[in-house]
Amino acid sequence: MLDNLLKIKFKNTSRGRITDKISKIVFMSATILSASFIFVIAGIIFIRGVVPFTTDNLGVGRVSLFHFLTGDVWLIGETFASNLYSIGFIILSTLFITLLSLAISFPVGVLTALFIAKIAPKPIAKILRIVIETLASIPSIVFGLFGAGVILKLVYDFSSSIGYQSKGGNSILSVVIVLALMTIPTITTISEVAIRSVDPAIEQGSLALGASKTQTNFKVVLSSAKSGIFTAAILGIGRSLGEATAVSLVAGGRRSGLSFDLLDTTSTLTTIMLEGLKETTGIDYDIRFSVGLVLMVVILLTNLMLNAIKRRVGVVHVKE
Amino acid sequence: MSKNKRRKTYDTLLNGITYFASSISFITLLAILIFIFGKGYKLLNIDLIAENFESQGYVADLYDYARLCNCESDIAFDEGVYYSSKWGIALADQIDLLGKNVIQIIYVNPKSPLFEIRDKGIGNEPIELRDEYHIIRIAFDNYPTALSRYGAENMINYLNANDELREIEFQTKGGGIKGSIITTLYLIALTLIIALPIGIGAAIYLNEYAPNNKFTKFLRSLIETLTGVPSIIYGLMGLAIFVPITTKLTNATGGNIISGAMTLAVILLPVIIRTTEESLKVIPDDYRQASLALGASKTQTTFKVVLPSSVPGILTATLLAIGRIIGESAALVFAIGTSIKDQVSLTGKSTSLAVHIWAMMTDEPANIELSATIAIIIVLIVVILNILIKLISSRYLKRKLGISI
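Protein sequences, first through last, are from chains A and B. The working numbering applies: residue 220 is where the first sequence begins, and numbers increase by one. The working numbering applies: residue 11 is where the second sequence begins, and numbers increase by one.
For the record, the hints were derived by calculation from the structure and aren't laboratory data. Fair warning: this is a prediction, and the values are worked out from it, not measured in the lab. Among the hints, erroneous ones may be present.
[What the hints assert, rightly or not] Under 10 Å between C-beta atoms, here's a sample of chain B residues computed to sit facing chain A:
1. Ile27
2. Ala31
3. Ser35
4. Ile210
5. Ile243
6. Pro280
7. Ser319
8. Glu338
9. Leu398
10. Leu401
11. Arg405
[What the hints assert, rightly or not] Footprint (simulated), chain A over chain B, 3 or more residues, beta carbon under 8 Å:
12. 148-158
13. 374-387
Each residue gets a CB set at the ideal place from its N, CA and C atoms; glycine is no exception.
For reference, chain A alone in the conformation it holds in the complex (with noise of 0.2 Å):
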């Protein structure tokens, strides 16, 4: 009400009627500009896109789009000189390695969670929180260092161990422990928030009802909680959707043939983007852009299908 009095007021005074207006159009501005940037990026990354689809290329030949969706090699004879670039191959390992990741960070985050919020003694949890923190800022090439430093090292010796030849470590199995090693932290915190945000009658319910703590915890707390646990799940599938450089340090960069096998090199969208780059104008330029806005309807279709089964799912007695 007062409120609305002084600004009654202030509208009526003369004196800094035009500063205040100018003022609000130079920040409503700001924050158009600032929207205004997804509609940029999304249109950039269309517009040099299709480019490579619907042009001849600087005489190359238009790449055909079935053919680049579908198919199992990247780029057949020389760069510059050839329209035969597929990355369908690149697109099913990106997932199975996205899926992968998420079997090992989605379990070791949720249970870190559920540890920090209703297990671990005091000091132990703030410690880890700690610990968390910390991973969560620690840069993602500095993961993909330790990677290419550490990972690759040990699973190259298993593979030798059990005696697979693979490519120094650079492997599907090396890109899902990196991923997942990332994801961790971005699932734990998000879990937590969930966890912690149970209402408590139910846990007492659960707990009268002679429920033991644990099984409170499991089969109580954890399904009470698992709206916000899902979405932690859809944050880690984004981010090693788009994760970039750690991943390309690992992977091998396969450029052709489909293979599942967890020991032989891959090659995801992202790190296909990171390859090369010597030219800035034709094909190998272009090509480029196609590949980011497949990444684009990935992320956006993942997205779309993972909210749709998280409203399924249902949200269950969560005190907001």
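Since the structure of chain A is already known, use the hints to place chain B on it.
For chain B alone, kept in the frame of chain A given last:
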């Protein structure tokens, strides 16, 4: 009773699993720290960080087709520089960062047999001998080896006395972390100059001015969506928009610090807007009303009352932004490029510390030691920033609490 016991065992097992899961994060952090410190500690040295690193050593010999050039140089060399016209190479005595006497290459004639030489190590790529490389030794058949400790004049004399050489061992000039540090600092400054005014302005609009309607909600959701875009996509945007803009307006020829900073600014906008808005939200309305009641205009209230009270929030946003700039790699690979340079200019090619790591690791052979050293620097800065953010927010909360009582 036995059922009870079984349940207890089962419960202990389940709890044990959570202990195990939690230990993974702990072990990961520990392993990363041990790895980067173990590998990078040796090179961590103030002088080396401020200057250029010595990193790669090669042993090479001549290609079969290499012929003595007997080319006179038309360049006038300084005193202390020795030129062999027979081999087309000029050498000089220098003292390196470790205080050792070394022989540095001053000039290699393009026609020199040493201009392109064969790597005797792994890989069949020809390697090129360039200025500023250090020669360690040159070995000949049936002749004493010319070692760096005998000086440049001696080495040139030995070269002139021979028509063939068996092998040459030399070190390339290091990667130049100094350049990457300067670039990173430039990037931080420039990005903040671009992003802070826009981000703070947007936060002020959203919190102080924006009507509570659908359009505002729409704007908010658009800004929120930006946080979900992978950084490599931002990099593509920078490559497609900001790089051409900067090359057109300045003398830049490709990715440069300005285009990198513009791209980073877009990445950071949502972070800055959100953090600043959080801090604006907790400013009590009494402040605004008191200011307005005293006859101040809305603009005066915003700049003299609201903004000063939100300084801790803006500071937090700035620190978060710095952390992100230092760690960002994928976007910058595209928006600024991967060429590691010692001479940094705003419109020239250079790269940030994080991309420096990436560039070295994707190079053959990968330079893990130097990468780990840079990683130590990056992780230390990020941890310090985190602690600062914690301190600011806890002190801020305390002050806020004091006011509300």
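Structure-based check of each hint:
1. Ile27: holds, 6 Å
2. Ala31: Constraint on B/Ala31 satisfied, holds at 4 Å.
3. Ser35: holds, 6 Å
4. Ile210: At 8 Å from the nearest chain A Cβ, B/Ile210 passes the 10 Å test, so the hint holds.
5. Ile243: Constraint on B/Ile243 satisfied, holds at 6 Å.
6. Pro280: holds, 8 Å
7. Ser319: At about 17 Å, which exceeds the 10 Å cut-off, the nearest Cβ of chain A leaves the hint on B/Ser319 violated.
8. Glu338: Given a least distance of 7 Å, the restraint on B/Glu338 holds.
9. Leu398: violated, 12 Å
10. Leu401: With a closest approach of 14 Å, the B/Leu401 hint is violated.
11. Arg405: Where the cut-off is 10 Å and the nearest Cβ of chain A is about 18 Å from B/Arg405, the hint is violated.
12. 148-158: Coverage by chain A is violated here, the residue count being 0 at a Cβ distance below 8 Å.
13. 374-387: holds (count 5)
In this structure, the hints that do not hold are numbers 7, 9, 10, 11, 12, in rising order.
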